[in-house]
Each structure stands twice: as C-alpha cells, then as structure tokens.
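Trainee: Assemble the whole structure, with the sequences as input and the hints as a guide.
This is what each chain is made of:
Number of protein chains: 2
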Amino acid sequence: MMILEYVPPGKQEADRLIIDMGLRFPEEDTPGIDFIIPNASYLKGKERTIRGIFITHGHYDHMGAIPYLAGPLRNPPIFATPLARGMILKRQEDFPHTPKLEIHTIDKRDRRPIRLGPFSVEPFHVNHNIPDSIGLAIGTPLGTVVHSCDFKFDFKPIGDEPADLQRIAEIGSRGILALLSDSTGVEHAGHSISESVIFENLDPIFREAPGRVIMSTFASLIGRQQQAFLLAEKYGRKVALEGYSMKANVEIAQGLGYLKIPKGMMMPIEDAERLDPKRTVILCTGAQGESNAALMRIANREHRVIRIREDDTMIFSSSIVPGNERSVQYLKDALARQGARIFHYKTLDIHASGHAYAEDLKLMLSLVKPKFLIPIHGQYSMLKAHAELGQSMGIPREYTAVGYNGAIIEFNRERIQVRDEQIQAQYVFVDGLGVGDVREVVLRDRQMMAQDGMFVIVAIVDRREGRVRGEPDVISRGFVYLRESGPLLAEARKRVKMLVEQSGKMKPVNWTYVRDNIREDLGKFFFQKTQRRPMVLPVIIEV
Amino acid sequence: MMILEYVPPGKQEADRLIIDMGLRFPEEDTPGIDFIIPNASYLKGKERTIRGIFITHGHYDHMGAIPYLAGPLRNPPIFATPLARGMILKRQEDFPHTPKLEIHTIDKRDRRPIRLGPFSVEPFHVNHNIPDSIGLAIGTPLGTVVHSCDFKFDFKPIGDEPADLQRIAEIGSRGILALLSDSTGVEHAGHSISESVIFENLDPIFREAPGRVIMSTFASLIGRQQQAFLLAEKYGRKVALEGYSMKANVEIAQGLGYLKIPKGMMMPIEDAERLDPKRTVILCTGAQGESNAALMRIANREHRVIRIREDDTMIFSSSIVPGNERSVQYLKDALARQGARIFHYKTLDIHASGHAYAEDLKLMLSLVKPKFLIPIHGQYSMLKAHAELGQSMGIPREYTAVGYNGAIIEFNRERIQVRDEQIQAQYVFVDGLGVGDVREVVLRDRQMMAQDGMFVIVAIVDRREGRVRGEPDVISRGFVYLRESGPLLAEARKRVKMLVEQSGKMKPVNWTYVRDNIREDLGKFFFQKTQRRPMVLPVIIEV
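First to last, the sequence lines map onto chains A and B. For the first sequence, the residue numbers in our numbering are 536 to 1078. For the second sequence, the residue numbers in our numbering are 536 to 1078.
What the hints contain is simulated information worked out from the structure, not anything from laboratory work. This structure is a prediction, so every number in the text was calculated from the model and none was measured. Check each hint, because a few of them may be wrong.
Identical chains blur together in the list; that is why a pair holds if it fits in one copy or across any two.
Taking lysine-lysine and the DSSO-like style, the derived pairs with C-alpha atoms no more than 30 Å apart in a straight line are [claimed, not checked]:
# : residue 1 : residue 2
1 : Lys635    : Lys1064
2 : Lys904    : Lys1032
3 : Lys1064   : Lys579
4 : Lys1064   : Lys625
5 : Lys1059   : Lys625
6 : Lys635    : Lys881
7 : Lys795    : Lys643
8 : Lys904    : Lys881
Mentor: Below is the structure:
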C-alpha cells in the first residue's frame, strides 16, 4: 500500500491517492499469524483527504487488506479493472459485516483520465501473472508520476493482451517527473520468459503423457489455466478442477471473459478417477506444499477421490515461494514414491515469473525516460540494485530515491529526497478474529515455547505454617518427554518446595521475589541438566 | 549413514561396513531441536560384526554423529583421509567424556586395498566442496560395489587435485556389480561449475573493490578460502578471519597442508577496522543468515569490532541452504542499507555446488559401467530422477533400485530388489544434552504452542464446600495481548468457576472429567471469540 500526496504551495493539508491495499503472508518469525496488513494509522484523521484507491490487479498482496482498511478509512472510491473488481467482490463475501464498497470499473480503452481533486489518472495495460493488470500515469500540478505496479513485458502472452508499449511510450514522450518501478526481478539478467514459451514447453508433456495430466499452479494464474484448457482441447482431454480458490477464480475469470473454456470440457473430479486416463486433466492448487490444499491431500492419499497411479504425469507449473522449499520437496517425494512422473520449473521452463527482469526494467526506463527513479516492490537489496541499474542508464544518483517500509519520499520539480522522519509502519498482525491485538511480546512467547517448551509449577502454601501443602503440581509441555523424566521433575518439585519454605519464614513474604527466585533457580537447574531453556512459570497460592 | 552387509552362503550372520555417520540439521517441523542423528537401533547386538567405519569427507552430514554413535557401537575402527580425520578429532574435543576413537588414516596414494573381513576397500579421489574427499570401491565375494559418496568432477579445482578419472576407469574396467552414486545434483542439466571459473569471477571483484572485501562462505569450504588467500596476495591485501568454525577449520587445513597461506598475510580482526581498506579482506562465516554468526552481528551493528562502510564490498560465496532464504535476504537488506555493495551467486557465478550435475553423473556411469545402479543422497524425487537417468543410459529398469531412509536393498550377482520390510529409521533428535528423549509428542506440543500459545488456569477448590476459593489464577502466553484482554480473561475465569462448582456437587467428583470439560468449554469459547486454539491446561487443586 502506497500513498501519493500532493501538498499545494503554501498549504498544510494534502490531497491523497492510495495505490493498492494488500496483505503480506506470515513468516517464520511470526508463528501462528494468519497474515499481516498495512499500518494505516498515519491516515487517521485524514480520511476526507483520500480522493481514491487504485487497485492495480487482483492479487491478495495488492488488494487483500481492503476488507480490513476500507471501512475504517470511510470507504473512499475504489478504482479497479473488471477482473480485479471481481476478485475484490468475491473476497468481500467472506466479510459480510463490512460496509458495502464503492468500486468503479476501469475501462482501459477509455483514454479520458480519471480526475480526482488535483490528480488525473490514466491507467495503462501491463503484463503480470494475472490478466488485466495496469500501471498508472498520474498527472499532478508538478508533473506526471508513472507507477509501473507489478509488471513484465510479454510480447506474446496467453489469455491476455501484450503490454501497451505504444501507450507507455506516448505517456513518456510528454515528459515524466518520476517513475516508480517494480524491482522484484532486478537481480535476474536478461528478459523474463514469455507465456508462449511456457505453452510450447507444456505442449509435449500433454501430448506424451501416458495417463492423466495433473497440473498444479497458483489459483490466480489465469493465463496458465488458459494454457491447460487449450492443451486439453488440443489433445482431447477433459478437465476437472480441484481446490476452492482455483474454482472460485476460474468462475470469476470465465464469467468476465478472461478465460475461454470450450463447451463440455469441464468434468466433476469423480470422473477424473473413473474415465480414460488419457482423456483426463486435473487442474489443482497446492503447488506450494500448503498443508490443506488439494495436492497435499492427494500426495498423502487422503484425497476423497483422487489416488496417484504409476502412469500419472504431474506438472508443477509454478515457482517456489521462499520459505516453502521443504514442503514442496516433501510433496514431490510423496508423489514420486507413488510412481508419478514429475515436471517442475527446475527441469524445464514451465513457469515464468510475473516480474520484469533487468533488461525489461531498462526497456521501461527507456520508454518512460523519467527525471526521478523511485524503485518500488521487493527487498531493500533489490531496490538498491534497481537504483544502480537506473544510474547505469544515465539517471544521476541524486535523482534516485530508495525507500523502505514507512519511508517518506518527497519530491518537487527540482529535487527528490528520502526524509529523515518516517510514518508508523510496524506490522499489524491478523490472527483469527484479532486485528492488531497480537503484539511482539505474544510472538516472542510463541517463539520461545516453540524452542524449548514451558514448565508451570503450582505450589499451595499454608499461610499460617509457611509450608507447601503436598507436592507442587507440574505442567510441562514441549520440554522433556514426561514419561522418562520422573527424577528431573521430582528434583524440580523439591527445589521449589525448599525455596518457598525458606522465603516463607520472612514476614511479610514478597511473593514476586519468591517467584523470580524460582524462575531463576529452575531455569539454571534445567539448563544444567538438559541444556534447554523452557519458559518457567511458577504459581504460588496461599490458602 | 549406510550399512553394507555381506551374508555368506548358508549363514545367518553378516559382516558389516558402515559408510559415513552424519547428522541432519533441524527443520521447521522440528522446532527447538539441535540436530538429528541416525537411528542405529538395528545394529544393537550386532556391534561385533562391524568391520569398520569409512568416513568419506569432513562434513558434519557425513561424520557429525560419531561422538554419539561410535561409543555405543563399541568403537569400531574408523578410516578417514587426513583432513576428515582432523575434523573428526577437532569435533571430538567437544565431547571429552566419550571413549577415545580408533582412527586409521587413509593414504590415497597407497594402492593396496584395506582388507576387513570379507571386504577389501580401495578409496579413490573425487572432488567435492571440501578437499580430500573419497569414493570407495569395495570388493566383496560377490563382486565390487562402488560408492561415489558426495562428489563432482572438477578438472581444475583450487586447493585440491582433480578427481582421479583414470583410477575410477581402471576400477570400472574390472567389472562392477553395483554403483551407489550421489543424486543431489541430478535435477541440474549439464556439468557443475569448476572452482577455477569461480576464481576467475572473484578476481575482478577483488581487483576493483574500492575499499574492504568482506567475503563470507561455508566454514568447511577450504578451496574457496584458498581462493580468498590467493586473491588477497595478488592484490596486496591482508586477511582477517572471523567466526569460530572458520578459524578452527583454517587452522586444521593449514596444519595438514590443505591450505597454503603466505607468511604475514593474516591479521587480527581489529586491524581490519583500522588499516587501509584497500589492503583489507575479512573472511567470515554466516552467509546462511545464522543468527549468531559473525556476518549477522556485523549486519546488526552488534559486532565488537567491524562496522560496515559505504565502500565495503560484500561477497556471498555460497548458495542458500533451503529454509534459509528469508534470513539471507534480511542479511543482504541490512548490509545494503548500510551502503555496502553486494555480490552473490544469483548475480554472478561466485559459488559452485559440490555435487555432480546430470552430465557428470552420466560420466560417472560411463567410467564405472555397473550392472546395478543404486542412487544415493538427496530427496526421493532426486533418487528416482537418477534411476531414470541410468535407464536412459541403458541400465535396465529392474537393475536400478530406489531406496529411502530405512530401506533394505538386497542384491546378489543376478538380482537386485528393495525388500518390503525396513529397519527402524525414525529420527533420533538431539536437543541440548538429551539424545532421543524428545519424541513426536514433545515436538507436537511445541508446534501447537507456537501457533496459538497456551492458557493455564488454576482453580483452588474447597473440599467441604465444593466451591472455588477466590478467583482462578490464569497464565496465558502467546495467545492474546494480556493488557487488552481483561474481559476475555474475566469471562474465562467465570466459566471455570461455574463448571467446577456444578461438578463439585456430585460426589465423588471425577476431576479428570471436570478438567476435560473445562478444556473443551474454554477451547470452544476462545475459538468463538478469537478464532484461535491455544493449548488449554486446567489445574484443579482441592484444599
């Protein structure tokens, strides 16, 4: 999510546009979190200055936070192309209690700019791994700002038009103040691969498959799904869909005309287990090894219908999202062990990135010829590499600005700078129904318990006698195997009893001090005996 | 760890050789585990039949379990090349209470086979990313078995000899019954990259670095370290080492003559911050983003000496071990933000795998010409791909055998098969001082607490009145942010009080039933309110 502000000369208050409103998926150091949404606290009190929200395409990392943020921001008008709009409305169905959105459909053929306060916005078509993606040329009183959004150039895409190079060139020829351009692919040399190359590589796999073709890809990769349907038609196969998000997206994309499926081509999943394998394609989700997706259930022989056979051909038509390497490997092993032949992007070009590579980025710079370059999207090291690429194309170093999450990049006609101060940008975690209520301390506790578990010890102290009644109760989870740790637990109980009774003699008893004492003593004792550091939680109750 | 057994005709008891004894590093689903060692329970009672242990090279995944297993197996003789021997003895220093090992040094120039019972073993030199790696030709009464171990062919390595192709060919020409060959690189087409190509790519980086060169690589990658020393010498730079394991390995390798360091080249790390940056190289560990390694401390500005400067050149001369992608990205971002220029294997060939690629594997097959092919090392899908590669080279399918962890592969002169039964092979976890005491249940608890935390509630019940005394105590960690969850906790307390007092009326009270009841009720209540599933642990104490 990005905010574009224009502050008129001599005034304090700005006009604002928001570009995208996505979510981020959880990482190893955010255990148990569902996802992360942008921190919008900077916009509090500024809701009336938001002229509009532009959603550049229908991926969750660009529109997934709308159900959480649109309402609190008082529902500014949202602008999106038809497919993105369809995806937004579909997602909104899961949030029945949020206010109705005001969505305007962008018609890319309409050349009239969308005027919103001091801004006039001209969307232009780019390629990405979902159809109907756009970049934005935003006119402002100071000059035009071009935002590439996630993009690549595909001169021969499948199920989409090529990026509108002439339009981008025409916009560029008017003189551009700043280009904000996608940096995700900057570390790859050359040009990204065209979907038509992928199609050519998929063709012989479909042709020569001795039995069923089971193809998995991202649910949002409509263009790749189109290829599966085209190849199924070519080789006389029918297609069964599997996976909730795949089915939902195919329905939206087909309904809006982005996906062309020949009549009579679809079949229920049951038929894929029953009919002639040489006439069968299964198109499914789960190529990332997600534990609940269709493919994992198939691999684990837990799918309600599909069982892998020796003559099955599996196609992983996707890259591996960093962090998923191991679960994808598990998936591949489990499928291979059941006899399936596997094709994936390492063995063959059957997946293309949705992002421009280094030479594509140079093409964008050459078409737009901006004064300032602001690399966007991607990790800091990629933004920096993109700025260096711009410098190699002749943009002076002081005309490039590398930001970070929360950075304020300020520019006028003459100068650009990353300001020293920043806006609030710490992660807002969504965990179940809670939005923003899980803080660092909760995550730190989860991480600590994941390492060495926890150990609760409950001692009941007789107020008058200052003695522990009976044996302290122990709850230990994730620390040691209880059945074999009798002596360790007995010794821990003994130590607690002793510590409590020693302190119990002093009047009045400082129970906070006693608890700290127990925590420290047991911590040391456990570490010495096991070299582990469970979370030690003493409970002392006086009766 | 692999066991080679020979069962003489008509006898029950076998003679055994062990090949390698390594450890496996922990994964996402084994939180808090230090590492995993082989399950040796199959060898219990068979200790006297073990003729020897061959360690093929000095990497932890091939020798790291020796301190845990050699003693319990009654210390069979270990055979290793000098460098592997040095690494084994160094590691042994951390285990002062284990029995002294019996290690025999393998002299690769000595062509006489090592005779052990019915086996005669001839080691031969191969390349890998540590010098002094060997494969084994093992004569048995049924024929010769060749074990490639981790290998690649490097016709021009640095700090090592090329693999001994003539020797391998000569062994092959005698007629080989079975080849066990490394499958790790099978999914990569072509040949693996030579270290001399890496060297040529590193040269201009050293030459043109405007300030210091900070090069990180694996501590065991002696050949790469040699390149840093050669380039430092060429460009008049001195070298400071950083990282415990790097220093230890350099010392061992230098002492044994595997690493040649010019006199006066080394300097203390303090000098690397003080002297002319153009005369300085820092060679360090931590290229995987390990949280305690030198590089992470430098990136976090927590290193006791080194601070990154604008003109520093960072070289990541390593691949990324799957699972470490995110921490490596964090590292690169943190370093880039401080101004360093970064080179890594994606931008330039400055790292080579230690494993043979598809064409190299074909070369090995062509030199050895075995009857049977047993793919080893790597995930199941790689073993399968390697078997298919062998089939494409003319080995009949029924002469290839794809195993798995715990598989028994049985062969004689005529036939090879994977037996239906398998030996015990479930993971043995090392966690702190505990070996094998952490079981699945402990890991499951850790994973569960990492997801949604835990909730302990302690109720003191008055035995006579059947009432809860005061308010139940609550300990919650990793579940909700306590400061903002007062009403939730109050309601939970109220429910527990009610449940206990309802049940307390029945005599005698079944407290197990009451606890289960509380667990279920609070579980549902929390899920309804938060959509989270913390581990609920009720404690009821009668007084």
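Trainee: All hints, please: hold or fail.
Mentor: How the hints compare with the structure:
{"no.": "1", "hint": "Lys635 <-> Lys1064", "result": "between (60 Å within a copy, 24 Å between copies)"}
{"no.": "2", "hint": "Lys904 <-> Lys1032", "result": "neither (76 Å within a copy, 71 Å between copies)"}
{"no.": "3", "hint": "Lys1064 <-> Lys579", "result": "between (53 Å within a copy, 27 Å between copies)"}
{"no.": "4", "hint": "Lys1064 <-> Lys625", "result": "between (55 Å within a copy, 25 Å between copies)"}
{"no.": "5", "hint": "Lys1059 <-> Lys625", "result": "between (54 Å within a copy, 28 Å between copies)"}
{"no.": "6", "hint": "Lys635 <-> Lys881", "result": "neither (44 Å within a copy, 46 Å between copies)"}
{"no.": "7", "hint": "Lys795 <-> Lys643", "result": "within (20 Å within a copy, 65 Å between copies)"}
{"no.": "8", "hint": "Lys904 <-> Lys881", "result": "between (36 Å within a copy, 28 Å between copies)"}
The structure does not agree with the numbered hints 2, 6 stated previously, though it agrees with the rest.
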